[in-house]
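Protein chains in written order, with the numbering used here: chain A, 3 to 343; chain B, 19 to 416; chain C, 179 to 544.
Rather than coming from a laboratory, the hints here were simulated on the basis of the structure.
If you're wondering where the values come from, they're calculated on a predicted model, not measured in any experiment.
One should not assume that every hint holds.
[As the list claims (entries may be wrong)] Once the Cα atoms are required to be at most 35 Å apart in a straight line, the calculated DSBU-like pairs of lysine-lysine come out as: (1) A:137 / B:182; (2) A:147 / A:320; (3) A:79 / A:227; (4) A:269 / A:82; (5) A:79 / A:269; (6) A:147 / B:116; (7) A:136 / A:246; (8) B:116 / A:144; (9) B:182 / A:175; (10) A:147 / A:322; (11) A:322 / A:136; (12) A:82 / A:141; (13) A:333 / A:289; (14) A:141 / A:269; (15) B:145 / A:175; (16) B:182 / A:141; (17) B:182 / A:144; (18) A:269 / A:80; (19) A:246 / A:322; (20) A:289 / A:320; (21) A:246 / A:175; (22) A:289 / A:302; (23) B:145 / A:136; (24) A:141 / A:333; (25) B:182 / A:147; (26) A:320 / A:79; (27) A:147 / A:137.
[What the hints assert, rightly or not] Pair by pair, the computed Cβ-Cβ distance ranges are: (28) B:38 / C:304: 31 to 37 Å; (29) C:231 / A:114: 56 to 62 Å; (30) B:172 / A:224: 30 to 36 Å.
[To be verified] Among chain B residues calculated to face chain A with C-beta under 7 Å, some are: (31) 75; (32) 316; (33) 360.
The beta carbon of each residue, even a glycine, is placed where N, CA and C say it ideally should be.
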Amino acid sequence: MNKLASILAGAAVATMAVVSTANAGAVLNAIKQKDFIQCGVNTGLAGFGIPDSQGNWTGLDVDFCRALAAAVLGDSKKVKFTPLSAPQRFTALQSGEIDVLSRNTTITLTRDASLGLHGAGVWYYDGQGFMVPKKLNVKSAKELKDAEICVQSGTTTELNLSDYFRANNMTFKPVVFATLDEFKTAYFNERCQAMTTDASSLAALRAADARNPEDHVILPEIISKEPLGPMVRRGDDEWFAIVKWVLNTALEAEEYGITQANVDSMKASTNPNVARIIANRDEMGVKLGLSPEWGYNMIKQVGNYGEIFERNVGTSTKLKLDRGLNAQWSKGGIMYGTPAR
Amino acid sequence: MTTFEDPAVPSEPPRVAPWNNPSVRAWVYQVVVMGLVLALAVYLINNTLTNLSERSIRTGFGFLDREAGFRMGESIIPIEPSNSYGRAILAGFLNTLKVAILGIILCTVVGVVIGIARLSRNWLVQKLATVYVETLRNIPILLQLFFWYAIITGTFPNSQEAWKPLPGVFISKSGILHAVPVADPAHLWIGIALLVGIIATVFYGRWVRRQQQETGRRPPLLGPALGLIVGLPFLVFLGFGAPLAWDLPVMGRFRFTGGQEITPEFLALWIGLGLYTAAFVAEVVRGGILAVDWGQTEAAGALGLRRGLVLRLVVLPQALRVIIPPTTNQYLNLTKNSSLAVAVGYPELTSVTDTTLNQTGQAVECIAIMMAIYLAISLSISGGMNLYNRAVQIPDRR
Amino acid sequence: MTTLVDPSAPTAAPRDNIGVVEWLRTRLFSSPGNTILTLATLVLLWFVLPPMANWFVLDAVWWAAPPEVCRAAEGACWAMIHEKHRLIIFGRYPYAEHWRPFVAMLVLIGLIGGSTNRRFWRRELAVAWAAGMVVMGVLMWGGVFGLTFVETALWGGLPLTLILTTVGIVVAFPLGIILALGRQSQMPIIRTLSVVYIELIRGVPLVSLLFMASFMFPLFMPSGVQISSLLRAQVAIILFAGAYLAEVVRGGLQAVPRGQVEAARSLGLGYWPTMWKIVLPQAIRMVIPGIVNSFISTFKDTSLVAIVSLTDLMLAARQAVGDPAWRAYGLEGYVFIGLIYLIFCYLMSRYSQRLEVQLYTGRQRL
Chain A
3 MNKLASILAG AAVATMAVVS TANAGAVLNA IKQKDFIQCG VNTGLAGFGI
53 PDSQGNWTGL DVDFCRALAA AVLGDSKKVK FTPLSAPQRF TALQSGEIDV
103 LSRNTTITLT RDASLGLHGA GVWYYDGQGF MVPKKLNVKS AKELKDAEIC
153 VQSGTTTELN LSDYFRANNM TFKPVVFATL DEFKTAYFNE RCQAMTTDAS
203 SLAALRAADA RNPEDHVILP EIISKEPLGP MVRRGDDEWF AIVKWVLNTA
253 LEAEEYGITQ ANVDSMKAST NPNVARIIAN RDEMGVKLGL SPEWGYNMIK
303 QVGNYGEIFE RNVGTSTKLK LDRGLNAQWS KGGIMYGTPA R
Chain B
19 MTTFEDPAVP SEPPRVAPWN NPSVRAWVYQ VVVMGLVLAL AVYLINNTLT
69 NLSERSIRTG FGFLDREAGF RMGESIIPIE PSNSYGRAIL AGFLNTLKVA
119 ILGIILCTVV GVVIGIARLS RNWLVQKLAT VYVETLRNIP ILLQLFFWYA
169 IITGTFPNSQ EAWKPLPGVF ISKSGILHAV PVADPAHLWI GIALLVGIIA
219 TVFYGRWVRR QQQETGRRPP LLGPALGLIV GLPFLVFLGF GAPLAWDLPV
269 MGRFRFTGGQ EITPEFLALW IGLGLYTAAF VAEVVRGGIL AVDWGQTEAA
319 GALGLRRGLV LRLVVLPQAL RVIIPPTTNQ YLNLTKNSSL AVAVGYPELT
369 SVTDTTLNQT GQAVECIAIM MAIYLAISLS ISGGMNLYNR AVQIPDRR
Chain C
179 MTTLVDPSAP TAAPRDNIGV VEWLRTRLFS SPGNTILTLA TLVLLWFVLP
229 PMANWFVLDA VWWAAPPEVC RAAEGACWAM IHEKHRLIIF GRYPYAEHWR
279 PFVAMLVLIG LIGGSTNRRF WRRELAVAWA AGMVVMGVLM WGGVFGLTFV
329 ETALWGGLPL TLILTTVGIV VAFPLGIILA LGRQSQMPII RTLSVVYIEL
379 IRGVPLVSLL FMASFMFPLF MPSGVQISSL LRAQVAIILF AGAYLAEVVR
429 GGLQAVPRGQ VEAARSLGLG YWPTMWKIVL PQAIRMVIPG IVNSFISTFK
479 DTSLVAIVSL TDLMLAARQA VGDPAWRAYG LEGYVFIGLI YLIFCYLMSR
529 YSQRLEVQLY TGRQRL
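Please construct the entire structure, taking both the sequences and the accompanying hints into account.
Given below as structure tokens:
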């Protein structure tokens with residue numbers, strides 16, 4: 003009986019210990035308590051989220067998490083990355099495994115409405131395209147009738163692909179892979195005659211994963227809108243607002259010309275918008291639940307959107323992506339940061 | 019003065035306190051364990067429900083009727099993106115069954131051959147079989163699947179330069195394509211003729227055995243059997259005017275279309291699972307044969323039976339009793355291992371459920387469906403094998 | 179005149195009963211059927227072996243070389259292994275600290291190797307294991323004695339595979355014993371629960387358990403509970419291995435003669451002392467080979483954690499061949515880790531077979 007009693011007591015203690023760690027409070031509190039942000043990123047997509055051989059992460063999506071960490075915790079290094087494949091990402095976010103998902107993920111109605119997620123804004127305007135080996139001499143996606151097409155499972159691209167072929171009355175054969183790794187290996191081993199995913203990812207794969215980038219062409223058709231952006235769980239408005247404003251502030255900073263280099267001198271700027279971002283005017287950051295230095299830390303440590311873009315995927319990188327849609331609205335793009343007013 | 023109890027007088031059973039009564043204690047233990055298990059279950063379910071509603075994730079199985087929207091690479095039943103998730107999962111399940119059944123056939127054939135070869139008196143054959151078993155069963159199946167898939171996509175030619183080993187057969191990175199007869203009403207009747215032929219052969223075989231037992235003479239079996247199984251359908255085929263239209267694979271712009279297709283994904287999975295499990299089946303077969311008393315073989319030899327006949331008529335029927343239970347386990351393992359198809363992109367149950375889970379976000383429901391289906395497959399295979407096992411069991415002569 | 183042979187003098191055996199000829203005759207050409215079989219096998223080998231030898235050895239690039247050299251060669255590109263072996267074996271563990279998982283691995287292999295020797299089957303072995311585990315923990319995690327802290331998310335490669343396997347089996351073992359006893363129990367509820375657990379776990383693929391543990395676990399917990407993904411995968415492996423070990427142990431329990439239990443009970447021993455002192459020691463002794471076999475399957479099964487993004491040997495190899503410069507040499511990577519798995523599993527299975535012979539001496543008729 004003694005033994006039984008001690009087992010029961012043990013179980014009770016264990017249950018209580020678990021319960022006491024339960025925290026009904028906001029994600030932000032938990033992040034401040036553990037002192038890092040758990041960020042879900044791609045398993046290895048050059049320019050967006052990829053670890054080098056030392057395990058250091060780089061990329062557009064990765065830098066968003068760094069900016070978030072700089073704004074929230076004052077240090078862009080206080081972030082841990084969880085590499086996720088496409089079928090795993092939403093479960094990981096829903097379950098609380100990660101705090102924010104920044105993994106070239108398309109914001110859609112279904113995902114907001116029934117997956118319990120919340121897209122916080124657009125970090126990269128993208129569209130779905132096709133890549134084919136040059137030697138097949140394909141000029142248009144309309145010629146891809148009966149082709150075998152490599153696609154990743156559980157993505158919007160998988161759905162768009164069948165919609166596009168349905169709309170054009172063509173048949174095709176999907177070869178579906180769960181991970182990016184298997185997906186690209188299959189395409190480059192010529193298992194499929196075409197691959198489809200977001201155009202930016204195609205550029206990344208061609209630049210970083212093709213043995214000879216000139217052997218592959220990206221077809222002109224863009225068959226869908228793919229607004230990619232960070233996502234958070236539903237049910238925590240404070241955290242959602244922080245993610246949303248970190249994103250918009252990076253855009254605003256570019257518009258006002260605040261850069262990593264001049265952020266210190268800009269602190270004295272008389273422009274009230276600039277002052278709200280980096281000089282704690284009106285204490286906006288504090289009202290969001292951040293520190294007075296949030297905007298300054300973010301720009302100083304990670305940079306504005308333009309800098310982040312150029313560094314990771316811009317024309318000087320091997321991805322050679324134009325700003326295109328992702329240029330500021332004032333420069334012919336549709337990036338339009340909500341005002342820091 | 020002391021009194022002695024009369025041992026002949028039955029005494030009352032010793033009275034024990036309830037907490038020392040074994041049956042009371044047993045019930046207390048059980049109630050406590052049951053309570054703990056239930057408490058844990060309630061705790062977990064409660065957490066899950068709270069979390070789901072907090073994060074406003076949709077629940078319930080309503081999604082099964084919604085349009086799936088994704089196209090599947092291969093399926094036994096016709097399936098379109100406009101079909102429901104439920105039908106997609108059904109198609110995935112059928113794909114699992116397909117690879118499991120064909121895999122079981124492959125692993126049984128290869129396993130029995132290798133198992134017997136392990137006991138061969140031929141040194142070369144025996145050593146090769148040993149190398150086969152030791153290599154394949156000691157390397158993880160996932161790695162073997164990757165390996166086979168890499169071989170197929172790495173060494174097979176493109177569709178443009180496809181190998182043509184036989185007329186109407188094309189082998190390329192897109193898989194094996196072969197010609198199939200064009201659907202014709204005659205096929206149904208040929209099938210029926212084949213069935214009739216097989217049933218008739220079974221009855222004829224029984225008659226042959228009875229004749230042999232009664233008269234000691236064995237009427238010919240092979241000729242009539244061939245006539246029934248091959249000849250009868252052939253006559254029907256001729257009777258319908260020999261419809262010989264073939265659906266040939268035709269090279270299109272990118273690949274062959276038409277005919278029947280065996281995809282590289284299926285091929286890698288089927289070969290990988292079949293050959294891996296065969297190594298285990300071989301060991302089971304070898305153990306079963308060794309378990310038959312050597313005296314049986316000697317006695318059969320003394321009766322003048324040839325070695326092949328000894329194996330077929332004396333040793334194998336007895337070995338089967340020992341072989342069947344562990345073989346069932348191997349069949350179950352093969353079926354469960356087919357869930358690794360996600361690694362090579364074959365759209366079986368796990369893969370389709372994963373996609374569904376990701377499109378609908380309903381992880382709990384999807385995983386529950388998947389586990390329930392695997393469980394049902396497992397239980398029905400083991401149930402079926404138990405029945406068969408009972409049938410081949412030699413009646414006990416105790 | 180005839181010479182008489184001295185019957186006691188040794189005679190030489192007939193010429194074709196000795197030496198190579200005899201060996202060939204009895205083993206390869208004893209009958210027409212056998213001869214055909216031998217010849218057919220030889221023809222098969224003739225077609226298979228030379229190309230394989232060419233690929234593996236003769237045409238292969240053995241030395242360290244850039245990928246261009248490999249592209250020019252016909253055979254295997256072992257230069258890829260030369261370039262990537264540390265990534266394959268240690269995964270993403272910080273490069274400068276690779277000696278730590280290496281030493282931890284040696285400690286673990288030493289412990290396993292030591293445990294195979296029956297002379298060491300004493301109480302001290304458990305102490306050695308406990309000490310070894312502490313040493314490994316210190317080496318892998320660090321954070322003390324001036325070692326930098328390395329989080330479990332960075333653990334990878336062969337050390338991770340070995341740790342998942344060993345910890346899995348060691349912890350699953352008591353679970354397996356309890357479940358096996360539960361399945362044999364007289365108490366209907368306990369028996370039913372044990373049967374349901376065992377059949378449920380054995381009926382579903384490990385992948386689905388791993389998926390649940392890796393991505394759905396936080397859904398079952400109150401919000402805020404953080405458990406590392408490695409630990410969760412480890413728990414899934416333990417729960418899985420426990421069900422299989424339970425069946426192995428049950429085999430042993432059934433083989434213990436009923437008289438042993440009856441004798442113990444008549445001596446007044448209760449249930450637990452009977453099991454602990456009389457039944458289990460005999461039962462477990464009988465099923466040690468089965469336990470070693472479970473160890474082998476668990477070792478192979480850990481490769482599935484690659485599917486849930488833990489960088490074990492398998493995923494590390496896949497990441498290594500993901501490098502575009504070396505992508506064409508995936509097969510070499512698979513052959514390399516295949517050999518590692520093969521060597522470990524083969525040694526363990528030989529050990530299990532030897533143990534079977536030793537332990538069953540005097541028990542089997544034959």
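Okay, which hints does this one fail, numbers in order? 7, 12, 14, 15, 20, 21, 23 and 32
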